[in-house]
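Asks: Please model the complete structure; the sequences and the hints are all you need to start from.
Position one of the sequence shown corresponds to residue 981 (my numbering), numbered consecutively onward.
Possibly wrong hints are sitting among the right ones.
[What the hints assert, rightly or not] If you anchor each label on the Cβ, the simulated ranges turn out as follows: (1) Asp1112 x Gly1203: 16 to 26 Å; (2) Gly1203 x Thr1082: 42 to 52 Å; (3) Ala1068 x Val1206: 36 to 46 Å; (4) Asp1254 x Gly1178: 41 to 51 Å; (5) Gly1087 x Gln1050: 35 to 45 Å; (6) Ser1075 x Phe1172: 21 to 31 Å; (7) Thr1019 x Ala1201: 42 to 52 Å; (8) Gly1170 x Gln1077: 18 to 28 Å; (9) Phe1172 x Ser1026: 20 to 30 Å.
None of these hints come from the bench; they were simulated from the model.
In this text, all values refer to a predicted model and were calculated from it rather than measured experimentally.
Just so it is clear, CB atoms sit at the ideal spot from N, CA and C, and this is done for glycine as well.
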Amino acid sequence: MSPFILKFVAVAIAATSVPAGLSIKAASWDQQPHSAAATTTLQSGSIIYPTPGEFLKDGHPQGNPRLKRQLNKPLEIMTYQVSAEDYADCVTAGSCQPAQETRAIPGSAPVTGVSYLDAHAYARWYSGVTGDQWRLPSDEEWAFAAAERFAGEFEGVENDANNPARRWLTSYKAEVDLNRKPDPLPKSRGSFGVNSLGLADFSGNVWEWTSTCYVRTTLAADGSGVASSVDNCGVHVLEGLHRAYMSNFVSDGKSGGCAVGTPPDNLGFRLVRDHRGWAGRILGWLGIV
981 MSPFILKFVA VAIAATSVPA GLSIKAASWD QQPHSAAATT TLQSGSIIYP
1031 TPGEFLKDGH PQGNPRLKRQ LNKPLEIMTY QVSAEDYADC VTAGSCQPAQ
1081 ETRAIPGSAP VTGVSYLDAH AYARWYSGVT GDQWRLPSDE EWAFAAAERF
1131 AGEFEGVEND ANNPARRWLT SYKAEVDLNR KPDPLPKSRG SFGVNSLGLA
1181 DFSGNVWEWT STCYVRTTLA ADGSGVASSV DNCGVHVLEG LHRAYMSNFV
1231 SDGKSGGCAV GTPPDNLGFR LVRDHRGWAG RILGWLGIV
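Replies: Shown next, in the form of structure tokens:
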């Protein structure tokens, strides 16, 4: 038997001796996840989905196209948002930056004060210690999971091409009608209840990062389709009580970003799991993938 195969078998045997959910690297207490993430698996289904981004025609803002989207394969997503104490484990392990949250919140509350870059770092760390691939959901996947709690864009009912401001003003009025109190303190998980799919706290007081980039689309003047489209992956889509767009480094929604309506109160996230086979898990444990 070759030295390479012997080494691979030795690693595989060592891997099987590590408790489920931990990695070879994560066997030390300072890198152990606080708890295993609860997940919910969604089956196939369809939604009417307002496409994210900015749409222009003849230089004027247009309503976001609403398209029917189909979920063709199961989607496993965290039932709750990543908690403050779970995120702190990544910080302790040296793989995440501390959350920019100065208020005293329960450890079981969603982590807040985190940027897209922070969420991405946590997903990479958590993938390494569990052996599965964890990632941020796309905006479309988030919409499926949120079900009836998905709001999308705050679009105005008036869309006067000669006065684009009317559309924005009616957007603000739509949000004001929700009577949302500004800057609510993050609450323990489950405080905003569950949706029809059994997933908790969608569209509560924590907006969630997605993997979808901000896109600016110019529609053809003759209505024949898209004339041009530019992706800006320095800005990503957030979902909550309304859709928002924030620069990747922003951890406080009130400090900057491009959002219709008032800024998000808090920024957090939940992850999707893509299962991997034993080879993928071993490579993950070794920090190779």
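Asks: Next step is simple, just say for each hint if it's right about the structure.
Replies: We went through each hint and held it up to the structure:
1. The hint said 16 to 26 Å for the Cβ distance between aspartate 1112 and glycine 1203, and at roughly 45 Å that hint is violated.
2. The supplied range of 42 to 52 Å is met by glycine 1203 and threonine 1082, whose beta-carbon atoms lie about 50 Å from each other.
3. Evaluation of the 36 to 46 Å hint for alanine 1068 and valine 1206 yields a pass: the beta carbon distance comes to about 44 Å.
4. Remark: the range hint 41 to 51 Å for aspartate 1254 to glycine 1178 is contradicted by a beta-carbon distance near 20 Å.
5. A hinted range of 35 to 45 Å holds for the C-beta pair glycine 1087 and glutamine 1050, which are about 38 Å apart.
6. For serine 1075 paired with phenylalanine 1172, a C-beta distance near 29 Å keeps the hint of 21 to 31 Å intact.
7. Look at threonine 1019 against alanine 1201: about 46 Å separates their beta carbons, and that is inside 42 to 52 Å.
8. For the pair glycine 1170 and glutamine 1077, the beta carbons lie near 27 Å from each other, so the given range of 18 to 28 Å is met.
9. Between phenylalanine 1172 and serine 1026 the Cβ separation comes to about 25 Å, which falls inside the hinted range of 20 to 30 Å.
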